[in-house]
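Build the full structure now, drawing on both the sequences and the hints.
Protein chains: 2
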Amino acid sequence: MEGRKYTAAVVTIGTELLRGLIENTNATWLCKQLTDLGIEVKRVVTVPDDMNEIVETIRELLRKVDIIVTTGGLGFTRDDITVEAIAEAIQQPLHHRRDIEQMVLTRCRELNYEITQEALVKVSRAPPTAQPLPNNTGIVPGLHIEHQGKHIYVLPGVPREMKQIFQDHVKPHLQQLTETKHTIELIVHTRHRTEIEVENKLKNIDMSRYHVTYIKIHPRQPVQISITLQHTDKQELMKKVQELQQELGKVLNIEKIEIKT
Amino acid sequence: MEGRKYTAAVVTIGTELLRGLIENTNATWLCKQLTDLGIEVKRVVTVPDDMNEIVETIRELLRKVDIIVTTGGLGFTRDDITVEAIAEAIQQPLHHRRDIEQMVLTRCRELNYEITQEALVKVSRAPPTAQPLPNNTGIVPGLHIEHQGKHIYVLPGVPREMKQIFQDHVKPHLQQLTETKHTIELIVHTRHRTEIEVENKLKNIDMSRYHVTYIKIHPRQPVQISITLQHTDKQELMKKVQELQQELGKVLNIEKIEIKT
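Protein chains in written order, with numbering that gives the first Met the number 0: chain H, 0 to 260; chain B, 0 to 260.
If you are wondering where the hints come from, they were derived from the structure by calculation, not from laboratory data. Here the structure is a predicted model, which is why all the values come from computation and not from measurement. Mixed in with the good hints, there may be bad ones.
If several chains are the same, the list does not tell them apart, and a pair holds so long as it fits within one copy or across any two.
No more than 25 Å apart at the CA atoms, straight line, and that leaves these computed lysine-lysine pairs for DSS-like [unchecked claim]: (1) K121 to K215; (2) K170 to K200; (3) K200 to K121; (4) K238 to K215; (5) K4 to K162; (6) K259 to K63; (7) K162 to K215; (8) K149 to K233; (9) K121 to K202; (10) K162 to K233; (11) K4 to K215; (12) K200 to K31; (13) K200 to K4.
Below, the structure is given as structure tokens:
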């Protein structure tokens, strides 16, 4: 038996993204991580550094998915309003948090960074239920907020800080939440020339019998197909991979099949 | 006098993006193009190849912005459902369009591509008010749909096709719509050490007097500032650039200012 399928959205916050000044590599990286954990990403949304836009987006997505990961807008300056906006979205107050203040001061000492009192006060505010996620790369910690059974992870926009906090704190938490799934990808090299021909032949296979979570027919000549299978039980998954290969061989003219784990 | 400010959203359609399999370079490129045209991009949304999700997203964004540009899901296979979803979102029927069919057949002949009857019928369907945008790189044309004063541009996901159609057909149309704006960016190298100090000093300048459309304080030591000015009249813009430089010199300790046009 498979566990329930969790859904997620990634929200990347920053006017510079909407002006096309930098590639949104954070979104791609997070989508890959969440997918590998067996979580279905339903949306990536990029919003400007604007209170109303962030609040509205978070509220919409809380109605839609189980898990929200935000990046960006977590810092010292006036346009860093993510924490305030999320508190507003879930209608919680912002408290001065001594635990966060201590974390920030410790990091400032370690990095020999002079922080102003104003900046310290700003980054130490969080909703009372938020759990700080230590930032061992930069200064300001991430946050985990559980809200009405949904999970919000608030991460910095600087890629190396975001990745470290995700790997060290978010991923282990999501693994517990979702159970680990094994993933196998088949790359099927056919001898067919058109995608539509391949698509019509594939209609004869009930993919749900093989724990298939994703299929893509690539518009190449000859046509290639990527098929992803995911399951918690590795032996069961290997059995289904073999059965599916036999089934594919019956309906398609195949040159070779690559298996990626 | 400046014209009204148009707003836009970019919708990138494709489950492969939400699985983190490819960087969403289309979104970044389109954001840059729209910004350079003086259009404010309010959202980038990535949605899966799913009818309900696309319909819901298009409807939300039609309430929010003036211009929507979509990429992806415009092709021969079953998961290419963008045109159908947009027709549904704006509650228009899909008609078989002889003009689109002729465009597609001409491109197939030029590229020596064998198209099945099923595929031809599929890609020749569009709402009756849609204007096809010729694809001189691939096969399937883009579409422009005007709907209750809003503009929807439907483009392919293959980057070189998307870019060609945008440059040849979407950009000229948007230029007419918005008037061309001149853009100048100032990179201010300060001698200040903290962003918050710079931010507090900048509060003394009313940026709206100088046609400033974007400011970013970069967290470097010493701190740098990017300031973008946009206006339709080049002479007026140059005058304001000079005035702003003087004003900046009064409140900040500046090492140098670079000017980018």
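Here is what the structure says about each hint:
1. K121 to K215: Answer is between; shortest inter-copy Cα gap is 19 Å, intra-copy 46 Å.
2. K170 to K200: neither (39 Å within a copy, 41 Å between copies)
3. K200 to K121: between (59 Å within a copy, 18 Å between copies)
4. K238 to K215: Cα proximity of K238 and K215: one copy only (22 Å, versus 55 Å across).
5. K4 to K162: within (24 Å within a copy, 37 Å between copies)
6. K259 to K63: Answer is neither: 32 Å inside a copy and 43 Å across each miss the 25 Å cutoff.
7. K162 to K215: Close across copies (23 Å), not inside one copy (28 Å); limit 25 Å.
8. K149 to K233: neither (29 Å within a copy, 51 Å between copies)
9. K121 to K202: For K121 and K202, the Cα distance is within 25 Å only across copies (18 Å; inside one copy 56 Å).
10. K162 to K233: neither (28 Å within a copy, 43 Å between copies)
11. K4 to K215: within (20 Å within a copy, 40 Å between copies)
12. K200 to K31: neither (29 Å within a copy, 42 Å between copies)
13. K200 to K4: Neither, since 28 Å and 50 Å both go past 25 Å.
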